[in-house]
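A.B. asks: Protein chains in written order, with this note's numbering: chain A, -10 to 326; chain B, -3 to 288.
No lab work stands behind these hints, which were simulated from the structure alone.
Only a predicted model underlies this, so the values are computations on that prediction, with no experimental measurement involved.
The reader is advised that the hints may include incorrect statements.
What the hints assert, rightly or not - Straight-line alpha carbon distances no greater than 20 Å define the calculated SDA-like cross-link-like pairs of lysine to any residue that follow: (1) Lys288/A / Ile108/B; (2) Lys288/A / Glu208/B; (3) Lys260/B / Phe0/B; (4) Lys260/B / Gly145/A.
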Amino acid sequence: MSAAEEIVVEGQAVEAVPKRAMTLGTGTSLVVLAVLLLVPLVVKNFIIFQMTMLLIYGVAVLALNILTGGSGQFSLGQSAFYAIGAYTSAILMETFGVNYALTLPIAGIICFGAGFLFGQPALRLSGVYLALATFALATAMPQLLKLGYFEKWTGGVQGLVVEKPDAPFGLPMSQDMWLYYFTLVITVAIYVASINLLRSRSGRAFMAIRDNEIAASSMGVNVALYKTLAFGVSAGITGVAGALGAIAVQFVAPDSYTITLAISLFLGMVVGGVGWLPGSFVGSAFIIFVPNIAESVSKGLSGAVFGVLLFLVIFLVPHGARQVAIVGQQLAARLRR
Amino acid sequence: MELFTNQVLAGISTGAIYACMALAVVMIYQAIDHLNFAQGEMAMFSTFISWQLMQWGVPYWFAFVLTLGFSFIGGIAIERVLFKPLAKAPILTNVAGFIALYSIINSCAGLIWDFTIKQYPTPFGSSPFLGSQLISTHQAGMIGITLLMLLGLFFFFRYTRIGLAMRAAASVPESARLVGINTSWMIALGWGMAAAIGSVAGMMIAPVVFLEPNMMLGVLIYGFAAAVLGGLTSPFGAVIGGFLVGIFENLVGTYIPGVGNELKLPIALALIITVLVVKPAGLFGRPIVKRV
């Protein structure tokens, strides 16, 4: 609209988070892990199931965090990769009789490939344009899954029912509890691997691209490769989360993986703090529990209550749970002194 | 050939809906540099207000003007109360704010006016336009109004002082502040105008898609797509983009076998992305030069 020549100093879409600020300290991490290990022994099965879902969504939010907080790219299409992971796992288990644990790496690899390929055209896009492209992917996915051609495998609109695995070696635990610990082990593995990834050479390349693409490329970072790689890794991890989700919910259907899921994951990332990996699990708790709380406050106005709560969070802590953690750390340091 | 012409005509008439919405999207993008996810819901809420006014016996055009004014003030109020405090927050936090606003407006409208589908009157009538079965007088009127709005906006931005100030505030905020433009209020004004344009879009669309709290969801997606296709920096591009998306969508549905209603949207979006990959700033947008 303006006639003046626009020369814009590239605004940062994502603020720079230093590597060290991306994780919790070792002591805190161990305490959290201990709590996660012990709580299921004392609570009911339904709560164990909810905790499993919390971990699964947490992994999916973590994947988005690597993409956005790490490499500075934006995605509203995570639900598509989640769906691919879930369907891969369900089809392998139900049609081909593969063991559930083995379906996870396969789902991860397939989603990594899908993400890497999708990253290629997405390379030319950034900001809102990238958001639109990923958004298109998310809206297309449920429709593609419903297509008649694939109905033999996907079960069409009805979806597929997945059997819940029993605890192995005759361990005396309920299916829910076994699945929880199984999920916990995989979550911890992915979490540790993600931290190591971001601390590695590749992680530094991601962050260099996030902070300044032009400078990064002049330092010799292969921008195209690392951007697509970030997409691939993020999609792969999301795929594993999707596969776990399919096993936990015991059901996959096209309408479980709409754009709403992608938006939830995005909200989880913002609430948890962009670029702060432990925050992913705080964000995941937000997207699982807050809609329920909103529903219990008022049935008719649950959407409004949810919106108000979300506004409260972003007004009080615009940087999400990370901000809370930093304030907490400073308080602790002051007390020690 | 006749099928082709008819489908193009039908495409243009649905395209007018998208063009309306895209215009509102571009307006707010110009003012605040974000895509507002709650835009459609704001338009829906305005449309409900005009419907309520008409239920109370206010004549159409009077209700139209009242709603326009209400939306303008409402848009400014939303910016002042909710988004001004977030101006310094990260962009992604702002996007979360839009989603929250969406959820609040949608839920409130559902509570006040419930989710049943309502008829919405048209001032243009719905008889066939110039003897064509595919395009009704309402749709012709809608296209007319869209073009009129575009023209009005063009004159506003090109020839008025305040339009110039808004352009300045959007493109180089620092320099604009130095010459004494209140950039913060320009943003609020942008919100107000976008809300008003959105309300016109809503009132034009409602007779076609019927009035209900979720009526804008699909329209907004196409509106975004149209705006991005035309180039987010160009209101003219947005309108053209809207018509193009409408035509795309109809032709895809007619000529590619096996494409039901369900696959129309993904295919239209895929086409748009293909265009964007070739021309990343949209068809009419200016590429932005970046400095390190």
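A.B. asks: Against each hint, give a clear statement of whether it holds in the structure.
C.D. replies: Comparing the hints with the structure gives:
1. Between the alpha carbons of lysine 288/A and isoleucine 108/B the distance comes to roughly 14 Å, so the proposed pair stays at or under 20 Å and holds.
2. For a cut-off of 20 Å, the pair hint linking lysine 288/A to glutamate 208/B stands: about 19 Å separates their Cα positions.
3. For the given pair, lysine 260/B sits about 17 Å from phenylalanine 0/B by alpha-carbon distance, which is consistent with the 20 Å threshold.
4. Straight-line distance between C-alpha atoms of lysine 260/B and glycine 145/A comes to about 18 Å, which keeps the hinted pair within the 20 Å bound.
Comparing the model with each earlier hint shows no violations; every hint is respected.
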